[in-house]
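Chains A and B supply the protein sequences, listed in that same order. In case it helps, our numbering puts the first sequence at residues 19 to 433. In case it helps, our numbering puts the second sequence at residues 19 to 433.
Calculated from the structure, these hints are not laboratory results. Keep in mind that the hints are not guaranteed to be accurate.
Identical copies look the same in the list; a pair holds intra-copy or inter-copy alike.
[Unchecked claim] In silico DSS-like pairs for lysine-lysine, Cα to Cα no more than 30 angstroms straight-line:
(1) K71 to K363
(2) K292 to K45
(3) K153 to K109
(4) K401 to K426
(5) K410 to K234
(6) K398 to K426
(7) K183 to K426
(8) K45 to K426
(9) K410 to K172
(10) K376 to K45
(11) K401 to K196
(12) K120 to K48
(13) K78 to K410
(14) K196 to K44
(15) K71 to K44
(16) K156 to K22
(17) K153 to K167
(18) K390 to K44
(19) K376 to K426
(20) K78 to K363
(21) K167 to K376
(22) K277 to K426
(23) K197 to K49
(24) K277 to K390
(25) K22 to K153
(26) K44 to K363
(27) K172 to K32
(28) K156 to K292
Number of protein chains: 2
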Amino acid sequence: MQLKWVEGGVCAPKGFVANGMLAGIKKNSKKDDVALIFSDTVCSAAGVFTQNKVTAEPVKLTRSRCREGHAQAIFINSGNANACTGAQGAKNAQRMSDAAVKALNDFAPSPVPINKDDVLIASTGVIGVQLPIEKIEKITSDLVHGLSKDGNTKARVAIMTTDTKFKECAVEFELDGKKVHIGTMAKGSGMIHINMGTMIASVTTDCCISSQMLDKALRESVAGTYNCVSVDGDTSTNDSMMILANGQAQNSEIITTGKNYELFLEALNAVNTKMARKIAADGEGAEHLIECTVTGASTVQSARSLAKSVISSSLVKAAFFGKDANWGRILCALGYSGELFTPEKTSVTFSNSKGSEKVFDHGVPLNFDEDKASIILNEKEIKILVEMEDGKATGTAWGCDLTYNYVKINGDYRT
Amino acid sequence: MQLKWVEGGVCAPKGFVANGMLAGIKKNSKKDDVALIFSDTVCSAAGVFTQNKVTAEPVKLTRSRCREGHAQAIFINSGNANACTGAQGAKNAQRMSDAAVKALNDFAPSPVPINKDDVLIASTGVIGVQLPIEKIEKITSDLVHGLSKDGNTKARVAIMTTDTKFKECAVEFELDGKKVHIGTMAKGSGMIHINMGTMIASVTTDCCISSQMLDKALRESVAGTYNCVSVDGDTSTNDSMMILANGQAQNSEIITTGKNYELFLEALNAVNTKMARKIAADGEGAEHLIECTVTGASTVQSARSLAKSVISSSLVKAAFFGKDANWGRILCALGYSGELFTPEKTSVTFSNSKGSEKVFDHGVPLNFDEDKASIILNEKEIKILVEMEDGKATGTAWGCDLTYNYVKINGDYRT
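Kindly produce the complete structure, drawing on both the sequences and the hints.
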């Protein structure tokens with residue numbers, strides 16, 4: 019398939035506008051902290067959410083709305099997670115949604131009134147502090163008035179917390195001779211682990227696809243992309259990934275698996291993989307992006323699980339920070355992954371644009387070139403290839419190194 | 019039961035001697051690196067080992083010997099893990115054992131010759147480098163000649179790697195009116211996680227107990243002590259815990275569960291709990307010992323699992339380093355533990371000798387005293403009490419904070 023990377027992020031698909039503004043949720047912060055994405059027609063909607071038993075209030079609300087399969091807007095705040103906030107938190111989540119519905123209908127940017135349950139909301143930031151909902155309510159009308167086709171540039175920044183870079187991308191591809199777009203933005207830097215590799219991601223598309231197929235594609239794609247990212251092993255109370263599809267590309271609706279479903283999934287995978295790499299590279303304090311690919315595993319699930327175990331290991335992560343070719347820790351992490359494999363038929367190679375160096379071959383340590391390894395490990399991106407001979411499946415996971423700055427950022431996050 | 023803490027470590031029980039020496043396994047290191055523990059009569063023996071699929075060669079050998087239920091000596095080296103070393107590594111593990119058997123029989127410190135399979139061996143240190151076995155063979159005879167009743171002071175240091183403190187203790191208690199002793203030493207500072215909370219621990223006792231009951235007591239005790247310690251989430255290739263019981267206390271042999279078994283288990287738990295705390299407090303780079311106790315959980319297993327999740331969280335660990343009362347991360351870690359509980363009936367309190375401060379009460383954040391919390395968090399030892407109302411079970415886990423020094427130590431461990 020021809021995939022063309024395009025500008026515009028969540029506004030790249032037809033019919034979508036966005037905006038970002040400062041509500042002042044976090045004291046003394048001057049960065050925009052509320053973002054709104056809006057489609058001028060109702061969309062198929064799907065979402066995947068944290069598996070944490072302690073679930074933030076906006077997640078509870080949005081999860082039940084995604085089950086209905088339709089929505090028209092995504093309203094996100096940073097600076098406060100609205101988690102562990104009890105009954106008042108639930109009330110505030112509802113008020114946040116209500117404020118968006120009211121402002122959207124007052125200003126009427128869509129031809130028909132927006133349904134009161136068609137806003138998906140998400141919050142990210144500190145846990146256990148009540149959301150200053152009045153501040154959000156106060157600016158929602160202005161936020162709606164400012165919705166625009168280039169508002170993605172404001173929205174993508176407004177959702178950031180400890181992120182050092184905004185994260186967005188968009189693709190264009192063809193279905194039935196019609197141009198279809200998928201756009202996305204995400205935030206995520208710490209408290210990131212494999213069971214939902216980000217705190218909040220929004221995907222928009224003008225593809226015409228049923229909510230059932232949209233849900234299926236989202237789950238399938240997330241398993242091999244966002245769910246293969248780890249920064250620190252902590253899955254948050256707020257992880258949310260939402261997708262809206264408004265059908266304005268006018269391809270014939272995807273209502274079953276088949277060629278068009280596969281094409282859509284391929285494009286979605288491309289977008290999500292790019293975002294997964296961006297999130298790992300911008301992991302809190304990260305100096306290196308670490309990509310681990312396991313080949314020759316017995317199943318795809320096993321390959322992914324082995325790769326995730328490697329990039330999740332604190333010792334592996336600290337070794338990459340120290341630019342130390344300590345491959346023994348990689349073997350160790352493979353060994354405690356819980357997956358079956360044959361250590362005697364396992365090999366390990368480090369590589370990137372600077373070269374390739376095999377350090378372990380079929381269970382035996384190699385007398386490798388430390389200087390060549392050091393040149394590879396000095397680069398920003400490092401690939402670990404783990405070759406096994408237990409099957410034919412491949413899996414990749416993305417992570418980052420563990421640095422002084424990770425400790426610093428998280429030692430004084432709240433205060 | 020009356021438990022009396024005594025001096026002597028692994029040499030406290032009757033009939034045990036020990037020694038430590040420098041073999042020069044790690045280049046340029048002047049610290050003793052081989053340790054030997056010896057009982058002048060054959061012992062009941064048991065062991066628990068790493069569940070890592072990548073298992074060091076000495077672990078393979080020692081595990082099979084522990085299954086036989088008898089042994090007479092424990093021979094340990096630091097500086098090299100003899101892991102990921104293939105067929106040559108297996109040969110070297112056997113040579114290490116053979117060297118001890120030969121030296122012990124040449125010098126004949128025991129009335130009858132030691133059986134060639136009655137030496138348990140263990141190695142700890144860097145992974146993937148061949149063991150310099152000749153250096154060990156060269157000094158084994160001197161090591162045996164130097165065995166003595168106060169050799170625990172040398173042995174406990176010889177097994178250390180990145181440990182900053184030696185770890186040993188011993189207790190005395192009574193069974194059938196006889197004085198019984200349990201002594202132990204352990205090393206462990208990094209690559210430590212809940213499925214075997216240390217790399218190497220040796221326990222000696224003069225209790226008369228069958229190998230079946232010894233094995234049962236060891237497994238039962240480890241589940242609530244060593245297996246509840248986490249420093250960094252990495253389970254090593256070399257984790258080994260071995261226990262020798264020579265029966266010289268002359269109590270009537272424990273061959274079944276019952277009062278005497280329970281008394282022995284209680285003493286073993288006391289010893290192992292003390293060691294678990296020592297290991298967590300000396301976690302690589304650690305500045306704080308964190309003890310998390312969960313009460314009111316549905317089962318003991320669930321309580322332990324919840325407590326382990328808290329002390330394993332990188333974000334919780336970084337917050338304690340920063341002396342930040344960020345209790346939201348504790349809730350978050352409880353939530354992704356995989357255990358069922360009721361967040362709305364959960365409360366969290368920080369405490370230690372400086373005071374006690376409840377921060378979260380039945381699902382609702384408290385407006386707690388930040389100054390009082392800060393005084394508590396400035397201490398070396400911090401207790402987190404998590405009160406639930408889902409049942410009556412209690413569990414405790416031990417960990418440490420995540421510091422710049424952890425990253426530093428592990429960034430340049432190999433080089």
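Checked hints:
{"no.": "1", "hint": "K71 to K363", "in the structure": "between (39 angstroms within a copy, 13 angstroms between copies)"}
{"no.": "2", "hint": "K292 to K45", "in the structure": "neither (33 angstroms within a copy, 45 angstroms between copies)"}
{"no.": "3", "hint": "K153 to K109", "in the structure": "within (15 angstroms within a copy, 71 angstroms between copies)"}
{"no.": "4", "hint": "K401 to K426", "in the structure": "both (26 angstroms within a copy, 22 angstroms between copies)"}
{"no.": "5", "hint": "K410 to K234", "in the structure": "within (25 angstroms within a copy, 41 angstroms between copies)"}
{"no.": "6", "hint": "K398 to K426", "in the structure": "both (21 angstroms within a copy, 19 angstroms between copies)"}
{"no.": "7", "hint": "K183 to K426", "in the structure": "both (18 angstroms within a copy, 26 angstroms between copies)"}
{"no.": "8", "hint": "K45 to K426", "in the structure": "within (21 angstroms within a copy, 34 angstroms between copies)"}
{"no.": "9", "hint": "K410 to K172", "in the structure": "neither (44 angstroms within a copy, 51 angstroms between copies)"}
{"no.": "10", "hint": "K376 to K45", "in the structure": "between (51 angstroms within a copy, 25 angstroms between copies)"}
{"no.": "11", "hint": "K401 to K196", "in the structure": "neither (37 angstroms within a copy, 62 angstroms between copies)"}
{"no.": "12", "hint": "K120 to K48", "in the structure": "within (26 angstroms within a copy, 74 angstroms between copies)"}
{"no.": "13", "hint": "K78 to K410", "in the structure": "between (40 angstroms within a copy, 29 angstroms between copies)"}
{"no.": "14", "hint": "K196 to K44", "in the structure": "neither (44 angstroms within a copy, 66 angstroms between copies)"}
{"no.": "15", "hint": "K71 to K44", "in the structure": "within (26 angstroms within a copy, 47 angstroms between copies)"}
{"no.": "16", "hint": "K156 to K22", "in the structure": "neither (40 angstroms within a copy, 67 angstroms between copies)"}
{"no.": "17", "hint": "K153 to K167", "in the structure": "within (25 angstroms within a copy, 73 angstroms between copies)"}
{"no.": "18", "hint": "K390 to K44", "in the structure": "between (47 angstroms within a copy, 24 angstroms between copies)"}
{"no.": "19", "hint": "K376 to K426", "in the structure": "between (34 angstroms within a copy, 26 angstroms between copies)"}
{"no.": "20", "hint": "K78 to K363", "in the structure": "between (46 angstroms within a copy, 18 angstroms between copies)"}
{"no.": "21", "hint": "K167 to K376", "in the structure": "neither (49 angstroms within a copy, 49 angstroms between copies)"}
{"no.": "22", "hint": "K277 to K426", "in the structure": "neither (49 angstroms within a copy, 51 angstroms between copies)"}
{"no.": "23", "hint": "K197 to K49", "in the structure": "neither (35 angstroms within a copy, 70 angstroms between copies)"}
{"no.": "24", "hint": "K277 to K390", "in the structure": "neither (45 angstroms within a copy, 63 angstroms between copies)"}
{"no.": "25", "hint": "K22 to K153", "in the structure": "neither (40 angstroms within a copy, 62 angstroms between copies)"}
{"no.": "26", "hint": "K44 to K363", "in the structure": "between (53 angstroms within a copy, 28 angstroms between copies)"}
{"no.": "27", "hint": "K172 to K32", "in the structure": "within (18 angstroms within a copy, 75 angstroms between copies)"}
{"no.": "28", "hint": "K156 to K292", "in the structure": "neither (36 angstroms within a copy, 56 angstroms between copies)"}
In this structure, the hints that do not hold are numbers 2, 9, 11, 14, 16, 21, 22, 23, 24, 25, 28, in rising order.
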